[in-house]
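Residue numbers (the working numbering), protein chains in the order written: chain A, 54 to 219; chain B, 54 to 219; chain C, 54 to 219; chain D, 54 to 219.
In case anyone wonders, no lab produced these hints; they're calculated from the structure. Check each hint, because a few of them may be wrong.
Pairs involving identical chains hold if they fit within one copy or between any two copies, as the list cannot separate such chains.
[What the hints assert, rightly or not] Below 30 angstroms or equal to it, Euclidean Cα-Cα: the simulated DSBU-like pairs (lysine-lysine) are:
1) K107 <-> K56
2) K55 <-> K107
3) K173 <-> K55
Each chain, written out:
Protein chains: 4
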Amino acid sequence: MKKIVVGIMGPGNASPLEVQTARELGRCIASQGWILLTGGCNSGVMTAANQGAKEAGGLTLGILPDRDDRHLCPHVDIAIVTDMGSARNNINVLSSDVVVACGMGPGTASEIALALKAGKFVILLHLSRAGQEFFAQLAPEKAIAVDTPAAAVDRIREILANGNPK
Amino acid sequence: MKKIVVGIMGPGNASPLEVQTARELGRCIASQGWILLTGGCNSGVMTAANQGAKEAGGLTLGILPDRDDRHLCPHVDIAIVTDMGSARNNINVLSSDVVVACGMGPGTASEIALALKAGKFVILLHLSRAGQEFFAQLAPEKAIAVDTPAAAVDRIREILANGNPK
Amino acid sequence: MKKIVVGIMGPGNASPLEVQTARELGRCIASQGWILLTGGCNSGVMTAANQGAKEAGGLTLGILPDRDDRHLCPHVDIAIVTDMGSARNNINVLSSDVVVACGMGPGTASEIALALKAGKFVILLHLSRAGQEFFAQLAPEKAIAVDTPAAAVDRIREILANGNPK
Amino acid sequence: MKKIVVGIMGPGNASPLEVQTARELGRCIASQGWILLTGGCNSGVMTAANQGAKEAGGLTLGILPDRDDRHLCPHVDIAIVTDMGSARNNINVLSSDVVVACGMGPGTASEIALALKAGKFVILLHLSRAGQEFFAQLAPEKAIAVDTPAAAVDRIREILANGNPK
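From just these sequences and the hints, can you work out the full model?
Set out below in structure tokens:
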């Protein structure tokens, strides 16, 4: 039976607060028994999320943009090597039952937009007011801003249970 | 010698004003001797831009998401069939010397973000205030809001001449 | 630490003998502690390999060509949803430490060729004499025909140990 | 109205005879008013085919595997930048109304196989006896070996006229 996969998207160049949140998110996701999916590279939000998930005994999946695993985060268990650059962002979101964005950058913005295009729910953390407003305009029922990893996990549980947040 | 390609991105579900702007943009781009690139489907901004370009005697290129050309806009001269869904959005922007976004939706947002990720300039038309602010936060020097097709063409000319807008 | 992934490629429309071999291959691969990667669909060699791997308590990874998991083999634990059609064949081989082909069809042939293009070793089972000769012409040191799942596993072990078969 | 696109696939590392054939094929295709599609790189069969097509006044399309156009053949008019490595081979064949393979290598073999998978006709030149036999086993009605560029063009015309060769 297919396991549940939760994707954490976020910038390689992340602030200390975003890194801390990503690590906590990784821990929470693994604690729920969900597989963690990230872009797989060894930087910023990706590294922190994978580190957190492994601390909680989880399984980690990295979808790499490169043609080999030279930039692979050491906390990733299973590497998917795409050699597709940023086009792999679409695979990240299509393969995630729910997408969480932690922090912001052009790559992360593309993942949120691609997830919304595919009809996925996206949980948003550390997003500017303009960003929140913009994504709410794009998909008011699918883009969900929260303040903490615990709130993110609550929302993911609702989405997985109902296919729809309260 | 490689020809100049300008991409127009925009929603399939577009307002009458966005359609009118896209058609005028297509005419302007073709009048400059530039090739028009779109997502190739027969709806909204894509259809209008291709129609405008053909009215001005231009050459039109459509990068299709499907596995065949059943949704191809009839004003497209050359169809690239990707069978990659929204991952083809990255090809749209990488293949465009300059990207123009006309109107907004999740797919268009992903194209703007992917273009900024790749270091491309993006000219923005019919974008909400929140959207303008959001993309300015992402890439203040690359995301350029304008009001008219004529202003868009002026900016494209500057970018092609200098690699950098004034 | 990244786990070892072995890919089994083969036709959805497979003969009973190919199905039997694929199931035995899946069992052998899982018994070694390697993760099994397939194209993820519920047919032929893919189903049989995943079934065998689960019988031996393994972990199974399916790289789907579709935009959702509607054709997913029920013996797949983790689904990667690519929405890329046959272009996902390149991901199949790039993500596999060693590729095994069991049986033949146009999709399988493309996977062997893409693996050889990427410099990967490919173990070949149930391949016609013309096929063996053709791939030996393409890459004499990388295309390795064997007769049994046990021989395939021996060769995979050699490749993983030495980066080069005897 | 969509123009007819004929793809020439072949190795970057080609023999003088393959290069000569590719150049003549490019000339023949352009003389028919068909657009030439290649993998776009500046080597072997790709360069020769594009050179031939430009000599005959044709329009040339290059589908690049890289993230920019640094390896672009100078005889290519329109560059599609995919950043997808060998996965772009699937786009090459899906975008071609008919595929011609001139010479052989792992990349070319993958393109023939992907074309046959997609139900396309493939005209084969300079293919070994084992290769001819192998592809005839894969798709006897779709893989068509010929000896000269002129014979290739005759077959392409038949395919375009009937959707089926004699």
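Now for the hints, and whether the structure bears them out:
1. K107 <-> K56: Both: 17 angstroms inside a copy, 14 angstroms across copies.
2. K55 <-> K107: both (20 angstroms within a copy, 12 angstroms between copies)
3. K173 <-> K55: Both: 18 angstroms inside a copy, 28 angstroms across copies.
The earlier numbered hints are all upheld by this structure, with none contradicted.
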